[in-house]
Each structure stands twice: as structure tokens, then as C-alpha cells.
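Asks: If you read the protein sequences in the order shown, they are chains A and B. So in the UniProt record's numbering, spot 67 of the first sequence is number 67, and the numbers just go up one at a time. So in the UniProt record's numbering, spot 146 of the second sequence is number 146, and the numbers just go up one at a time.
Just so you know, the hints here were simulated from the structure itself, not pulled from any lab data. Even glycine gets a Cβ: it sits at the ideal position worked out from N, Cα and C. Where hints are given, some of them may not hold.
Said to hold, decoys possible - Derived DMTMM-like pairs (lysine to aspartate or glutamate); straight-line CA-CA distance at most 25 Å:
#	chain 1	residue 1	chain 2	residue 2
1	B	310	B	393
2	B	278	B	265
3	A	70	B	470
4	A	5	B	458
5	A	70	B	311
6	B	477	A	59
7	B	364	B	345
8	A	106	B	494
9	B	66	B	152
10	A	108	B	458
11	B	304	B	331
12	A	25	B	474
13	A	5	A	103
14	B	218	B	206
15	A	70	B	484
16	A	99	B	398
17	A	5	A	124
18	A	145	B	350
19	A	25	B	206
20	A	99	A	53
21	B	463	A	67
22	A	5	B	265
23	A	5	A	111
24	A	99	A	59
25	A	70	B	350
26	A	57	B	483
27	A	70	B	501
28	A	178	B	483
29	B	188	B	274
30	B	191	B	133
31	B	463	A	33
32	B	411	B	464
33	A	57	A	142
34	A	5	B	484
35	A	106	B	345
36	A	172	B	484
37	A	163	B	483
Claimed, not checked - Stretch by stretch, here's where chain A covers chain B in the computed footprint (C-beta under 8 Å, at least three residues):
#	region
38	274–283
39	465–472
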Amino acid sequence: MLQFKLVLLGDSSVGKSSIVNRFVKDSFEDLRESTIGAAFLSQTIKLNDNGKEVIVKFEIWDTAGQERYKSLAPMYYRNANAALVVYDITELDSLNKAKTWVEELKNKVGDDNIVIYLVGNKLDVCEKDSSKRLVSLEGAKEYAKEQGLLFIETSAKTGANIKETFQEIGEKLYDIKKTEVNTDLDGNTGEIEISKPSTNDTTSCCS
Amino acid sequence: MTENEGTIKLDNLLCPICFKNFNNLQKLNAHLDIDHGFIDESVGSRTSSLPESRTDTRLHQKKQIKRDHWVKYVPNSSLCSHCNRLLSKSTRPLNCRKCGNIFCKMHCTNIVKLNIDAKYDPINGKWFHCCHDCYTSKPGYKDFGASADLTDDYISLRNSRREDRSLQKLQLENRLVHLADGLIRVNKKYKGKPYYAFKRRNDISDLERSITPWKEDKHVSRCHICQQPFGLLSRKHHCRLCGSIVCDSISRRCSNQVLLYFLQEVTLDLPYQEHITKKEQMEMPDMSVRLCSRCVNIVYSSRKIEQEKKESLSMLLSKYHSMSTVVKVIEGTLPTFEELLQKTETTKTEKTVPNSNDILSLAKLREKLLRSFTTYTVLTKQLLVIEPTNRTEKSIQDSIKIVSAEFINDKLLPLKNIPAVLSPDKYAKEQSDIPQVKQFSEIMNNLSVKEVKAYREELMVLKEQSFLIESMVENAKALRKFDEVNTLSANLKELSLRSSEIQKLLGENGFE
Numbered sequence: 001m002l003q004f005k006l007v008l009l010g011d012s013s014v015g016k017s018s019i020v021n022r023f024v025k026d027s028f029e030d031l032r033e034s035t036i037g038a039a040f041l042s043q044t045i046k047l048n049d050n051g052k053e054v055i056v057k058f059e060i061w062d063t064a065g066q067e068r069y070k071s072l073a074p075m076y077y078r079n080a081n082a083a084l085v086v087y088d089i090t091e092l093d094s095l096n097k098a099k100t101w102v103e104e105l106k107n108k109v110g111d112d113n114i115v116i117y118l119v120g121n122k123l124d125v126c127e128k129d130s131s132k133r134l135v136s137l138e139g140a141k142e143y144a145k146e147q148g149l150l151f152i153e154t155s156a157k158t159g160a161n162i163k164e165t166f167q168e169i170g171e172k173l174y175d176i177k178k179t180e181v182n183t184d185l186d187g188n189t190g191e192i193e194i195s196k197p198s199t200n201d202t203t204s205c206c207s
Numbered sequence: 001m002t003e004n005e006g007t008i009k010l011d012n013l014l015c016p017i018c019f020k021n022f023n024n025l026q027k028l029n030a031h032l033d034i035d036h037g038f039i040d041e042s043v044g045s046r047t048s049s050l051p052e053s054r055t056d057t058r059l060h061q062k063k064q065i066k067r068d069h070w071v072k073y074v075p076n077s078s079l080c081s082h083c084n085r086l087l088s089k090s091t092r093p094l095n096c097r098k099c100g101n102i103f104c105k106m107h108c109t110n111i112v113k114l115n116i117d118a119k120y121d122p123i124n125g126k127w128f129h130c131c132h133d134c135y136t137s138k139p140g141y142k143d144f145g146a147s148a149d150l151t152d153d154y155i156s157l158r159n160s161r162r163e164d165r166s167l168q169k170l171q172l173e174n175r176l177v178h179l180a181d182g183l184i185r186v187n188k189k190y191k192g193k194p195y196y197a198f199k200r201r202n203d204i205s206d207l208e209r210s211i212t213p214w215k216e217d218k219h220v221s222r223c224h225i226c227q228q229p230f231g232l233l234s235r236k237h238h239c240r241l242c243g244s245i246v247c248d249s250i251s252r253r254c255s256n257q258v259l260l261y262f263l264q265e266v267t268l269d270l271p272y273q274e275h276i277t278k279k280e281q282m283e284m285p286d287m288s289v290r291l292c293s294r295c296v297n298i299v300y301s302s303r304k305i306e307q308e309k310k311e312s313l314s315m316l317l318s319k320y321h322s323m324s325t326v327v328k329v330i331e332g333t334l335p336t337f338e339e340l341l342q343k344t345e346t347t348k349t350e351k352t353v354p355n356s357n358d359i360l361s362l363a364k365l366r367e368k369l370l371r372s373f374t375t376y377t378v379l380t381k382q383l384l385v386i387e388p389t390n391r392t393e394k395s396i397q398d399s400i401k402i403v404s405a406e407f408i409n410d411k412l413l414p415l416k417n418i419p420a421v422l423s424p425d426k427y428a429k430e431q432s433d434i435p436q437v438k439q440f441s442e443i444m445n446n447l448s449v450k451e452v453k454a455y456r457e458e459l460m461v462l463k464e465q466s467f468l469i470e471s472m473v474e475n476a477k478a479l480r481k482f483d484e485v486n487t488l489s490a491n492l493k494e495l496s497l498r499s500s501e502i503q504k505l506l507g508e509n510g511f512e
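Given only the sequences and the hints, what does the whole structure look like? Please build it.
Replies: Written out as C-alpha cells, the structure is:
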């Protein structure tokens, strides 16, 4: 069984916890209290690798979006295999915040070590009333392409694209893992890298 | 009640208002109702129920105020003329005795003196209920009561008193001049003749009495100033200037022996003919004048204060003055500096090249500020070295110390964060300036207030999170999800590591 560490980042009240809840418990609450610190949840999914069934387990850290808890985030995105940077498509500021998160991730963790997924949430609001949309699909898509991010728009309320998102992350991470293993085998090192040393840590002793 | 009162027989029933004598209570009541206007409709039966004698009826009719102008009370349709509320028995409808309009009881509470024709009669009238309008329109009514302007009286009184005082001062000063001259002359006369000590004392006493008429001892039993009685221990003394008799209590300082030299030194503007030198004074310590505290205030103290005002400031105060000018400079430059900094910061976030002029002036301002701060610290250090001459100076010094430390913490530390926009070599040069100044504010343990705050906040968040994770671990254990427990406890370890790191950084600024 493969295990991946996954972290959700983004401005407060964009729907990070709702997305996780939809994915893990397949439920949705209209009135959700804001998260304190970071919540931990886990969920397994099944992948299909050329007819072979692979089980992937996600360890999901759902961080609080409030500024106060910003200092906790590095602890959770460090060593994470994937990061879901969530924004609210009815809120322009949340995309800007998401962009700063992407920048921070790239600076602190590095592009190669983490899969970043840009997620525009609250699609259901715009489906009902398209005037509520403040972040255009095209603009966000372009930004994602530019930065080399995966991109999707979801709705935690209706569940649209949630499962798909995690499935895609699972596949992507599985692919990366497979190539890593393959290259290791090719190099005949025989050693299995358990965890990569984290560079550019804010908390490392030489910072 | 009425029946009961009727049965009580009392010999002396006096009207509480006019002290007329009555032989029973009903008569007194009737008297009060009619003559003093305490008539009340709701208990109107009282007057009619009393056994009316003929005189009473006549009195009744004669004194009854006229009622023909009254507005009639009609149940369920009469309205209060003031508040327009429907009148009923419970609201006690009442006619204003003056205008006759009908009111509820609340709006007919004033009383006014009226005669039986319902005209204003402040002298012979009786008190009757009236409405507010009739009350305010009575002759001589003033909204705020009577007032009289006494400013002129006050000013003239004050001027006359001031003149009196200046005259008194002049008199006292004249006496002082004569006394001092005389004393010095007598002293010269008997100089080197120690055998004539008694005669000298006599001469001095004669001189003093000739200049100032002394008050008679017999008539005075208490000190003129503190009003304490004289006795065996507190002797009577005469003030040599005003002649009044005072005690010489040390604690109350009603009178003092003032050395002539000091008196003359302070009152040099007076036309002395003879002067005593310091040396002479040292030789003859009894060359002094007994003055009561009032005369000291009038003649001596006011002059002394004026002189001290003119004297140059003490070292401490002059240092403090230069410190405050430096503070003014700093406070004047800081806002412009911050503004410029903001400007360059924004250009930085917009990823454009900041204006080179701005950076230049920013660097200049920074240099100026740092120089001012160095001057400030140097001045503070110099000030703290000065040996305080008395307790007041010591406390002043201490408070200056605290204030300057606070000032530096407040204003200098924000300066530390900026210089990234300035060119790196300049930054390095200036950085070497900072620690020197900063050493002074060792309180903060090399962390700025902002940093300490941020670290504390982070520590708090970490503690919160640790608590949350702990409960999560418990939860996972209960659900027997041991792989989750592993992940969570790894995180918990990380959290505690980070928080201990911050604790170490904070040092004594942290909290447990």
C-alpha cells in the first residue's frame, strides 16, 4: 500500500475542510466552523495500473486558513507529496492568496518534490448565478499552466469533481513513485530512499 | 378617619402655619383648607361634613376663591389642557385656580398666591394650585431665579485688597531697611566691646520697638498664625516686621530667626545704607531678625523665587533640555522616513525599480536618524552619570532613565527591519552602527518587540495545535487506527521541537 501526504492550503473560508469532508466522509455541512490549527484525516482510494489494482492511502492535513495559523503551515507542507491550493471562485482575493501560497511552496519546497493542484471551489454558486463568478475559468487555467500546476474547479457542496481530483492526484503520485522506483532499479543502487532530505527549511538549524 | 379624629378631644390644636388655636381637629382642617388653600376635591366632603357653625359658614363663603370661570369636568370627555389625556377619576382632574382650565393632577402641581378673585396677589394672597403657564406668567417670574452681576464689585474689592497688600509690603520693606541699618550700626558701635553685651541687647530691643509697634503680650493668648495657645513651652515671640505675636514652633514654622546676611542678599533691591558681609555674619551669628512666616512670604520668599527663576538650570535639567530637542528632531524625521520607506517597499512588491532619488534620501534620513539616536543615547548616559544633588533630582533622573529606554525601544527598533532596499554595502556599514546603540536597550534580548510578539503568537498557536493533535491521538487510539497514531505522534514530536526552539529564542521573554 502506498501512502501519500497531502496538504490543503488557501485563504480562510474557501472550502478546504468542506472538500476534505466531501472526499473522506462524502458529506457536506452548510454552516461549518472555521478550522483550528490543522485537522488530520485519512482516506484510501483504488487505482488501476494496467489491470492491477493498487491501493493508495492519503494522509490529509487540512490547515486553517486564518492568518493566525500561518506559522503552522510549513510544518505540514514540508515532506508533503501533494498540495491542494484552494481558492474561492466567487472571491478575487482568495486567488491572490492562493498565488502567494503557490509561490511559497515553490520557494520552500521546490517544484520537483511536490505536486501542486490549484482548486477553484464553490462551483455550485456560479452554476446557479453566473454573475457571482469573479475569477474566470480561463484566467485561472492560464495561471496554472504558466506555473505548471494541475487545475480544476470543484464544488464541495454538490461533490462535483472532488473524487476526480483526488483520483488524479493519486495517479500522478503513483506515476512519479513508479518512475522513481524504476530509475532506482536502473541505477542498481538497491537502496530505497525513505524520505528526501528537506532543503530550505525555515526551521533547519542553519537558516 | 374623620369620625375618629372628631372624637379625639385636644386642648391645644395649633395651626402649623399661622399658629392659630383651635379646639377640635375638624376646625383646624377647615381652617387649613380654606385659609391656607389646601382644598382638595377628592376629599371635599370633609368641609361639608363638619358641624358648621355660623361663623364657619361665613368664613367659608367669604374666603372661597371664585369658581365661576372654571371649566366643568365632564366624565369621559374632558381632556387635560396640557397633555390632552382623557381625564377620569383616577387621574384626579383639577382646575387651575388662576385660569380655570382643567388639568390632570400631574400638570397642576405648582402653587401660586392668589386672592379670592383669582388674581395674582403675592402679598395678601393665599396659596392655590395653578398650571405651569399661570405659574410662569406670574409677575416677577424668572426662569432661572434672580441673578445679579457682581463682577464690578468683585473687581473693585480685589483691587482695593491688592492695594492694601502692596502698601503693607511697602511698609514691611521700609521697616526691614531701617531695622537692618540700625542693627548693623548698633553692632558697629559695640564692636570689640564684649562687656557691653547687656547694653547692646537693650539698644537692639529699643531699636526694634521704635521701628515696629509691638503688640501687647497681655491681649494675646494664641499664636497669630497657627492659633495654638501659648503656654510654658511655647513662648510668645514678636515678629520684628509686623509686630504680631507668634510662636516659634519648628514644625509649623510660624516664626524663624532669619540671618541678616541672607535677608540682605535676597532683598538687594531695597535701599540699604549699611551692608553686612558674609564674614561679619559668620563672626556674629546672632545678627538675625525674627520674622513670622507671613512676613517671610511677603518680603523674602517671592523675591527668592524670582531669583531662582533667573538662575541658569542645573546640569541635569540642561541635559534633559538638549535631550528633548533631539527627541523633537527624531519625531520630526521619522514620519517622512516611514513614508519614503512605504513608497520604496511598494515599488519592490510591484517588481519595479525604486526611484534612485528616493533611496538616496531614504539613506540620508536613516543616517540622520541614527546619528540623532546616538546623540540621544550619549546624552542619556551623560545624564545618568551626573551625581544628583538632592532627592528630587534623583527621582527626576530615574524617570528620565525609564523614559529614554522606552523611547529607544519604541522608535529605534523599527528602523532595524528596513535596510534591504538600501544598497547592500551601505546596509552593512549601517548595521555596524545599530548594535552600538542597541546595546543600551539590553532589555529586549536582541529581539524587537514585534519579533517577540510574533514568536509568542506562534508559540501559542503551536501549543494549541499540540493540544489538538494529542486529542486526535487519543481518538485514533480509541478507534484502533494505529497507522494514524504513528503519523500524528510524529507530528506531535515535530510540534514540541519547534515550540522548544521558539522558547529558546524568546529566552526570558517567553511565557510558561
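Asks: Honestly, which of those hints from before does the structure not fit?
Replies: The structure conflicts with hints 5, 9, 11, 16, 17, 19, 20, 22, 30, 32, 33, 38, although it agrees with all the remaining ones.
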